[in-house]
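*Asks:* For reference, the chains in residue letters:
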Amino acid sequence: MTGLDEFFDYVNSLGAERFTRIFWFFVFFELFRYMVIDLVVLTIAKILKVLNRKKTQEALNRFYLEQPLVSIIIPGKNEGKHIFKLVKSLREQNYKNVEIIVVDDGSDDDTPTIGRDMERNGFIDKFVRNEFRGGKASAANLALRLTNGKFIVHLDADCSYNYDAIQQIILPFYMDSKIGGVGGNVMVRNYKKSLAATLQAIEYYDTISIGRVVVSQLGIYRIISGAFGAFRADAMSQIQGWDIGPGLDGDISVKIRKMGYKVKFASDAVCLTNAPDTFRKLAKQRLRWDKSLIRFRVRKHRDVFYPSQHFNFSSFFSFLENITYNIVLNVKWYIYFIDMVFNFPHELSFILTMNFFLYTCTNYFKFLVFSLYRTEKNTSISYFLAYIPLMVIYFGYYLRIVRSIAYIQEFFFKKSYDDPWNPPKTSKYAKELGL
Amino acid sequence: MALENVKINASSGTIEYLNTKYIYVSQSRDLKIDRSVSYAGIIIDGKNLDFTKMVVKRIRGNQNSEIYLKPIIILNGNAHRDVFIKNLIDGVIFSFDQIPLINEHVSEINNLSKEITIINSISFEAMIVSKLLYFMFTRNLKMLEPVPYALSNTNYSFPFLACNFSDFEEFQVLEMLEIATQEGLFKHKFLDRIYLCSNCKSSHLSFREACPKCGSSHTDTFDIVHHFPCAYVGPITDFTNDIDDQLNCPKCSKKLKHIGVDYDKPSVLHQCKNCDNRFQDFHVKAKCMSCTFDNPVETLVDKEINEYTLTKKGESYALQGYVSTPKDIEDIIGTVKFDTFKTVCRYEVERLRQTEGSSNIVAINIVNAGQFYAKVGSNAQQMLLKDLVGEIRSSIRSSDMITFYSSSVILVTMFEIPTKISQRIMDDVLKLLEKLIQNNFKDLVIEIKSNVHQLNYNLSSELQINQLIGM
Ligand SMILES: [Zn+2]
Ligand SMILES: [Zn+2]
Ligand SMILES: [Zn+2]
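Here the protein sequences line up with chains L and S, keeping their order. Going letter by letter, the first sequence gives residues 4 to 438 in my numbering. Going letter by letter, the second sequence gives residues 41 to 511 in my numbering.
Quick caveat, the hints were computed from the structure, so don't treat them as lab data. Careful: at least some of the hints might be erroneous.
Claimed, not checked - Lysine-lysine pairs mimicking DSBU-like chemistry, simulated, CA-CA at most 30 Å apart:
1. L:K80 x S:K241
2. S:K327 x S:K241
3. L:K303 x S:K87
4. S:K305 x L:K417
5. S:K297 x L:K153
6. L:K91 x S:K325
7. S:K377 x L:K80
8. L:K303 x S:K182
9. S:K353 x S:K377
10. S:K182 x L:K80
11. L:K91 x S:K297
12. L:K181 x L:K153
13. L:K181 x S:K253
14. L:K303 x L:K49
15. S:K294 x L:K417
16. S:K305 x L:K80
17. L:K303 x S:K241
18. L:K303 x S:K377
19. S:K313 x S:K327
20. S:K154 x S:K182
21. L:K417 x S:K297
22. L:K261 x S:K313
Claimed, not checked - Stretch by stretch, here's where chain L covers chain S in the computed footprint (C-beta under 8 Å, at least three residues):
23. 142-155
24. 428-439
Ideal placement from N, C-alpha and C gives every residue a C-beta, glycine not left out.
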């Protein structure tokens with residue numbers, strides 16, 4: 004008998020009850036949360052979008068009639084080489100009433116020369132330099148201080164933007180006056196560069212982009228991407244700008260929510276970014292993101308769980324969902340793993356194969372079905388089909404291990420305060436104050 | 041050296057010493073520069089700086105070599121301390137008694153002046169360069185140095201050359217020197233660089249840091265403070281209060297304690313009081329004090345200030361005169377040399393003395409020639425002169441002659457014709473010339489004058505030509 008026959012015999016012998024017992028992790032979390040709920044919510048979102056066509060058009064008309072000034076801020080260090088290309092893509096935007104403010108956070112390359120030159124030639128409206136690096140939050144806050152617009156759009160210098168990206172990210176503010184922040188849809192530009200980049204492109208497609216449509220629809224969208232986010236200027240001045248990072252993207256969204264504003268995801272506001280092209284660099288990036296989840300959700304903003312003047316249900320559920328499906332899920336997976344090792348030691352190879360099979364099928368199903376809901380595509384979806392089976396390893400093992408390491412480092416050692424992403428002078432204070 | 045050898049004639053304003061006659065110029069007398077031709081030197085009362093400068097400028101800026109090469113002595117006063125004047129005079133005395141001290145030097149200059157062959161250059165540039173070469177030769181100068189001079193429109197002055205231009209045209213001095221250097225008459229050594237207003241070429245500029253948006257220099261400057269714990273960034277005024285010197289963070293209300301530890305000042309920011317624009321990089325603007333135009337510094341015209349040394353070629357041209365410009369007088373058909381013209385006039389005066397009758401000489405003067413030539417290229421200049429000569433030629437009889445006294449003065453003979461008719465013909469010629477220039481050089485305004493002079497057989501032809509030109 005071949006291994007394959009054995010495997011099918013094993014699958015046949017499983018009844019529904021035993022299947023659920025052995026593959027509970029898949030059934031309850033993966034299938035239920037990430038497929039059934041997603042599909043239902045996506046469908047609702049799609050229907051609402053069609054129903055709201057007239058409302059959307061009216062909002063667009065109001066937006067264009069008012070022609071508000073949109074302040075685009077681009078803080079960063081050593082980003083001079085990207086700025087010219089970025090600004091060129093911004094000048095192509097169909098929405099023209101923008102001001103572009105670049106803040107150079109203590110660059111040690113030729114960024115000051117490039118920036119000054121572009122300012123003098125009217126390519127950008129303002130170029131301001133901090134002689135001493137103060138970290139991303141302070142650079143963004145300095146930029147914020149110089150804005151005159153009704154809306155603030157925060158960009159990363161190494162991204163590029165669809166011709167209508169600004170219009171799409173501002174439009175939601177005209178659909179609902181309670182909206183205080185809107186996140187853009189980030190996609191991977193360099194998906195062909197390496198395997199790591201390709202897998203991330205698929206991840207951005209399914210988990211991040213689709214996932215954000217779903218949570219946004221549910222009213223629990225939580226992270227306005229730093230690469231592309233828009234804010235009401237009055238909301239920004241109420242919360243007095245960004246707090247010290249890393250993970251300040253998530254932090255600012257929470258602060259806006261606490262002020263009683265809604266936060267939305269605009270899937271049509273598309274931004275292309277370069278993903279880390281090696282697994283090593285990717286691990287570094289994800290360690291930072293995952294640590295910030297602990298630091299900001301569990302530590303800094305734990306008050307959303309307590310009844311207080313800022314309490315509101317969507318913040319509460321947003322946090323709950325976030326913590327459940329990240330931290331708890333991560334722990335549960337280990338429980339599942341131990342459960343299998345102790346209770347089904349003889350079937351382990353079958354269980355592993357079956358899990359792989361189930362996840363891959365779901366991944367294919369999701370990738371293909373979700374394509375129907377996607378408004379923006381990088382390239383033909385067929386390019387990615389061959390890579391889908393690898394996603395099990397990418398999600399199931401690689402990202403999970405990285406996440407586990409991050410949680411442990413942050414929970415027990417507050418490692419994020421040592422991140423060179425911030426200058427030590429600022430991290431030191433943030434740590435003492437528990438920020 | 042005895043005082044009795046110096047004879048002062050108060051009524052005519054002349055001083056004589058050992059047969060050398062000087063003319064004395066002071067503010068109380070009429071200034072007739074033409075008169076100086078017959079004197080060995082000019083003594084100017086130096087009490088009033090402006091007056092002295094004006095007289096010196098008019099002498100050195102004259103087109104007649106017998107005037108512009110004339111030795112100038114300053115009497116009394118402080119005028120000779122002015123660097124501009126100092127470079128244009130040949131001596132200083134404090135009383136007429138001291139004339140014997142400078143007399144020899146004056147004769148020396150006059151003797152050298154006689155050695156040179158004055159050639160009338162047709163182009164304005166060649167004429168100016170020739171003047172310079174003659175002046176340097178008669179003063180034994182081998183080098184031409186710019187003098188820093190606050191009253192110069194180019195900050196550095198080449199005084200002798202500057203005399204030929206109005207203040208607004210002074211930048212053309214540098215162009216003259218560029219031409220002379222290109223022609224190999226001078227070697228140059230870099231000394232400094234100046235910046236000129238792009239509108240009027242003046243270097244009297246006031247540099248200011250201005251708001252990049254509205255150009256105002258009415259601005260405030262703030263330190264930007266970054267509070268580390270909360271990442272608040274804002275001008276220091278956000279942190280101050282009216283009660284004490286304490287700095288408090290407006291975001292987290294904490295006290296700022298120690299610069300570099302819990303906060304720092306990563307940059308400064310300027311705020312325009314005129315338009316409220318906040319910015320970090322000033323635009324540097326240069327406001328022209330001559331024409332009030334506010335230049336962005338990038339648009340200023342930069343010029344090198346050099347020190348010039350005569351080359352061998354330059355030295356030889358100082359004796360022969362500088363004619364080898366592309367605008368050489370011989371190129372223009374229908375003209376005669378100035379010397380020929382003078383000879384013809386001399387014969388005509390002789391003839392008139394015997395036969396009586398009416399003969400005239402006419403000067404056609406392009407009043408703003410310097411400005412005009414500076415604006416058009418040398419080819420256009422040559423074309424214009426050719427056309428002018430052609431037009432004049434077709435209005436006069438074939439026996440009459442045309443010559444260039446200089447590139448801006450054309451002399452014409454109109455012999456054996458009543459002065460009134462001469463006058464009328466000339467009026468018509470001027471109208472034709474003006475129309476011609478208007479057609480060819482649309483945006484240039486040119487001013488042409490003519491003077492008709494009836495030859496008087498009791499006076500020398502030479503004198504009458506000089507009078508005509510001097511008018
Ligand atoms: Zn000017
Ligand atoms: Zn201003
Ligand atoms: Zn603070």
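*Asks:* Please go over all the hints and tell whether each is borne out by the structure.
*Replies:* Structure-based check of each hint:
no., hint, result
1, L:K80 x S:K241, "43 Å, violated"
2, S:K327 x S:K241, "12 Å, holds"
3, L:K303 x S:K87, "86 Å, violated"
4, S:K305 x L:K417, "28 Å, holds"
5, S:K297 x L:K153, "35 Å, violated"
6, L:K91 x S:K325, "28 Å, holds"
7, S:K377 x L:K80, "75 Å, violated"
8, L:K303 x S:K182, "84 Å, violated"
9, S:K353 x S:K377, "24 Å, holds"
10, S:K182 x L:K80, "59 Å, violated"
11, L:K91 x S:K297, "43 Å, violated"
12, L:K181 x L:K153, "15 Å, holds"
13, L:K181 x S:K253, "35 Å, violated"
14, L:K303 x L:K49, "35 Å, violated"
15, S:K294 x L:K417, "23 Å, holds"
16, S:K305 x L:K80, "17 Å, holds"
17, L:K303 x S:K241, "65 Å, violated"
18, L:K303 x S:K377, "99 Å, violated"
19, S:K313 x S:K327, "19 Å, holds"
20, S:K154 x S:K182, "19 Å, holds"
21, L:K417 x S:K297, "25 Å, holds"
22, L:K261 x S:K313, "37 Å, violated"
23, 142-155, "violated (count 0)"
24, 428-439, "violated (count 0)"
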